[in-house]
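*Asks:* Each chain, written out:
Protein chains: 2
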Amino acid sequence: MNWQPNRASSISISKQIVQWMTDQIQQGEWTIGTKLPPQRKLALLLGVNRSTLQEAIDELKADGLLASRAGAATYVANDSWHVLMKQKEPDWQQYIESSIHKANYQTIQLINEFEQKESIIRLGTGELSPSLLPADGIQESLQHLALDGKMIGYSSPQGSFSLRQAICHYVKKRGIDTSPENICIVSGGLQALQLIALGLLKPGSVVFQHQFSYLNSLHLFQSFGVNLSNIPENTEPEELIKQISRKKQSILYTVPTLHNPTGATMTFEEKERLYHACETAQIPLIEDDVYADLVFGKTTPAMKSMDKSGQIIYIGSVSKTVSPGLRIGWVIASTPVIQRLADIKMQIDYGSSAISQRIVDYWLRSGMYEKHIEQLKHELKSRAALMEELLKMYFWHTATWAPSQGGFYSWLKFNKPIVTTELFMKLLKKNVLINPGYIYWPNDAYHIRLSFSYCSEADLRKGLNILAGEVNGL
Amino acid sequence: MNWQPNRASSISISKQIVQWMTDQIQQGEWTIGTKLPPQRKLALLLGVNRSTLQEAIDELKADGLLASRAGAATYVANDSWHVLMKQKEPDWQQYIESSIHKANYQTIQLINEFEQKESIIRLGTGELSPSLLPADGIQESLQHLALDGKMIGYSSPQGSFSLRQAICHYVKKRGIDTSPENICIVSGGLQALQLIALGLLKPGSVVFQHQFSYLNSLHLFQSFGVNLSNIPENTEPEELIKQISRKKQSILYTVPTLHNPTGATMTFEEKERLYHACETAQIPLIEDDVYADLVFGKTTPAMKSMDKSGQIIYIGSVSKTVSPGLRIGWVIASTPVIQRLADIKMQIDYGSSAISQRIVDYWLRSGMYEKHIEQLKHELKSRAALMEELLKMYFWHTATWAPSQGGFYSWLKFNKPIVTTELFMKLLKKNVLINPGYIYWPNDAYHIRLSFSYCSEADLRKGLNILAGEVNGL
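Just so you know, the sequences run in chain order A and B. In terms of this note's numbering, the numbers along the first sequence are unbroken and rise by one, the last being 474. In terms of this note's numbering, the numbers along the second sequence are unbroken and rise by one, the last being 948.
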């Protein structure tokens, strides 16, 4: 017995002993019934502490490779070979629990799960109802795609050049003047955020955001050690500068138009103040503009239109307008940023669906997109009016809200802190699914994000009636 | 002046001083020209070391906020306000360099870049030539998709149920018996690997793989602190067990059929031995089977067909067969693994393109897939024969290779260590792009992965002629 553990190894002494003893048994050096020397002696022979040896022996006993009777020597267990050979499912739970990415929040997992059920009334769902999605229009446009072999091969890192050209033209109405070189096609806004997390931030970086934020419902940044920091509501830009100034490798995230979850839209002047505050504080800015085309009234230019210093990373998408199933969005930013994000994208999924890119390209160029948006806004407006009517009927004395300016959401603030996990579960039992405020800011108990974009009129009436029944007695 | 740094803060004292002084200037407390107290005194007032104070002042001078003349006091610089206010591009290079994900290897970046050029001869490209991609077939199939609103909304976490059913049927010919619950649709095989990295591994985990491996050309695992460990060629399974046994939270990656880059295919018995070795060593296994349908001769069942313990995570894809532009692949694994990967997928991109999923579903169910594969194999076979003929002509005395058994690649081994970065660059200058062995194993200088799937016959002839001219004199 001349083996000794390697003290230079990164594997613990105890694990090395476990490995060595397992090898001895596996290779038949120690046959079944072989007695181990007394522990004191064995520890001496191996040059290790008795407690270390004990730890290794305990693990092998637990695995069933070694055994001992009270007071007697430890020996190779009778069924040790069986233990070594038997088919054993890997301990996946352990793999899962200690792996890199966090699991979705439980509330979000429940929402994802229950959204699959037919009978559920989805009062919170942040997407267009299937009846609002232009399935026929997309189906019809498919015959015009004129695919060829080059088009359906691997994409270039930044995505289809033709689509990027079309996007340049399209974002002009947001006041943005850019070129295809400054655009990267992504699989939706969420992927844009993942590319930013992996490609521009590091563990310890801070993402500043408004107090109620979509980002709080994700683990995207936190899984990589990036921290979220909530800016209290109504913080003045001058105050903001102080808070965020010169935080190395940090960034501010904002949804200036039809904010998720509050539905609020900044005025042009508010955008200017925030932009200049970030510029002074030398913090770049992510402008998430995916709801911009759904403003009911007059729109103001995007913050990106003010950007002369390459400070803003702009995100757009067709998920809220044409179809989330296409999985197409885009990032507009300065050249080094775009090249970096495109390089990461090639490393994680080799680009977005070529067919989806071709469809969006066709929709933007043919005018189908604009036509669809006009119809869609018309529909959403009448849904918002119904929501307003129902809110006034049910919640005039228990909650407040701002009238909808567009998009999908009404942001209900109750007078009392009643929006708890308990309420969420109670409603779920009655087949009503809400998005409680606490998924957008962990300490909240006052808000619910209601959506008028998903439910049918009947479901909206029924769902809000059930909600009112639950909350108005509290 | 009663400010003092916060010693409990995680921000360094020097940074805190920089921040404080910047605030004083920004808020107008210290106007332009204001003289700072002598450093000895100031250090005393702030309760810090002189060297720490010096560091802060040096940074502010470098930034242009403070200035000093030799021997005289330090003062607030004349253009300090201008410095604070001027539009300054964020230091993106710093963001990029210290962020989480590594950049692609330089050789890979060059390959990605030069692949975009029309004039280049792509001897190494691991994809089907545009002329082999069924663009007309896909275009024609689009009219049969029968899209509806539900189909183009957000997908369920594991992807289209109908497609998963079709895949269950399709993998039967690989000997795999599974159900839709054990399948997750992904955006290609590469994304499957990313989901495994994020969802099952942790920093310090090890991915074991064969010495020459596709994974060595990626930074996917390493970016998250997961290590790659190369198993030397021809390692016996018993030897392997010793190497990998009981490494906590580790996994083995293998391409048993038409291995990338070597093109080798394991016999059924070799698969069995490897599977049982991993089982004994209690290491789960990733079986990457994306080339399986391109075997020219008789195929043997996938390793997954032997899996009774849920040990194997199986990856399939249509990228090598129908079109990489669809971005559709799938993972087959035990239930906890699939649920975990699906949850991560929802968190990073909300699912794969619904249109692409629908197309693959249609191709599998309609028989278009099988028909296309037969034609494709016929084409690839005749391309492989041409490659063989040219290799015999040019390299009979300088290199060895195995005859192609299918797929895309010939794996050329030169008698001398001549496949260097220098050779790669020399060929690039002559408009010929190769995939050198060292991107699959860093220490290699003997191999080139040649591909017969991409180039036209003329380009293959011309490219190999240029390659022979370069290497046969060495």
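One thing to keep in mind: the hints can contain errors.
[Stated by the list, open to error] Far from chain B, by Cβ distances over 12 Å, these chain A residues were calculated:
hint: 1; residue: E89
hint: 2; residue: Y170
hint: 3; residue: A264
hint: 4; residue: I344
hint: 5; residue: K377
hint: 6; residue: E422
hint: 7; residue: K430
hint: 8; residue: L474
[To be verified] Derived coverage of chain B by chain A (criterion: at least 3 residues anywhere in the stretch with Cβ under 8 Å from a Cβ of chain A; other residues may be distant):
hint: 9; segment: 606-613
hint: 10; segment: 666-675
hint: 11; segment: 777-790
hint: 12; segment: 816-829
hint: 13; segment: 842-851
hint: 14; segment: 933-943
[Stated by the list, open to error] Straight-line C-alpha distance at most 27 Å; calculated DSSO-like pairs for lysine-lysine:
hint: 15; chain 1: A; residue 1: K102; chain 2: B; residue 2: K676
hint: 16; chain 1: B; residue 1: K936; chain 2: A; residue 2: K150
hint: 17; chain 1: A; residue 1: K371; chain 2: B; residue 2: K624
hint: 18; chain 1: A; residue 1: K61; chain 2: B; residue 2: K716
hint: 19; chain 1: A; residue 1: K102; chain 2: B; residue 2: K576
hint: 20; chain 1: A; residue 1: K150; chain 2: B; residue 2: K855
hint: 21; chain 1: A; residue 1: K150; chain 2: B; residue 2: K851
hint: 22; chain 1: A; residue 1: K15; chain 2: B; residue 2: K591
hint: 23; chain 1: A; residue 1: K102; chain 2: A; residue 2: K247
hint: 24; chain 1: B; residue 1: K591; chain 2: A; residue 2: K150
hint: 25; chain 1: A; residue 1: K242; chain 2: B; residue 2: K489
hint: 26; chain 1: B; residue 1: K716; chain 2: A; residue 2: K15
hint: 27; chain 1: B; residue 1: K624; chain 2: A; residue 2: K429
hint: 28; chain 1: B; residue 1: K721; chain 2: B; residue 2: K576
hint: 29; chain 1: B; residue 1: K721; chain 2: A; residue 2: K61
hint: 30; chain 1: A; residue 1: K430; chain 2: B; residue 2: K845
hint: 31; chain 1: A; residue 1: K150; chain 2: B; residue 2: K845
hint: 32; chain 1: B; residue 1: K535; chain 2: A; residue 2: K308
hint: 33; chain 1: B; residue 1: K509; chain 2: A; residue 2: K242
hint: 34; chain 1: B; residue 1: K489; chain 2: A; residue 2: K202
hint: 35; chain 1: B; residue 1: K646; chain 2: B; residue 2: K855
hint: 36; chain 1: A; residue 1: K247; chain 2: B; residue 2: K535
hint: 37; chain 1: A; residue 1: K247; chain 2: B; residue 2: K624
hint: 38; chain 1: B; residue 1: K591; chain 2: A; residue 2: K248
hint: 39; chain 1: A; residue 1: K150; chain 2: B; residue 2: K903
hint: 40; chain 1: B; residue 1: K676; chain 2: A; residue 2: K15
Hints were generated in silico from the structure; no laboratory data involved. Every value quoted in this text rests on a predicted model; they were computed, and no experiment measured them. The beta carbon of each residue, even a glycine, is placed where N, CA and C say it ideally should be.
*Asks:* I'd like to know which numbered hints this structure contradicts. Please list them from smallest to largest.
*Replies:* 1, 4, 13, 14, 22, 30, 37, 38
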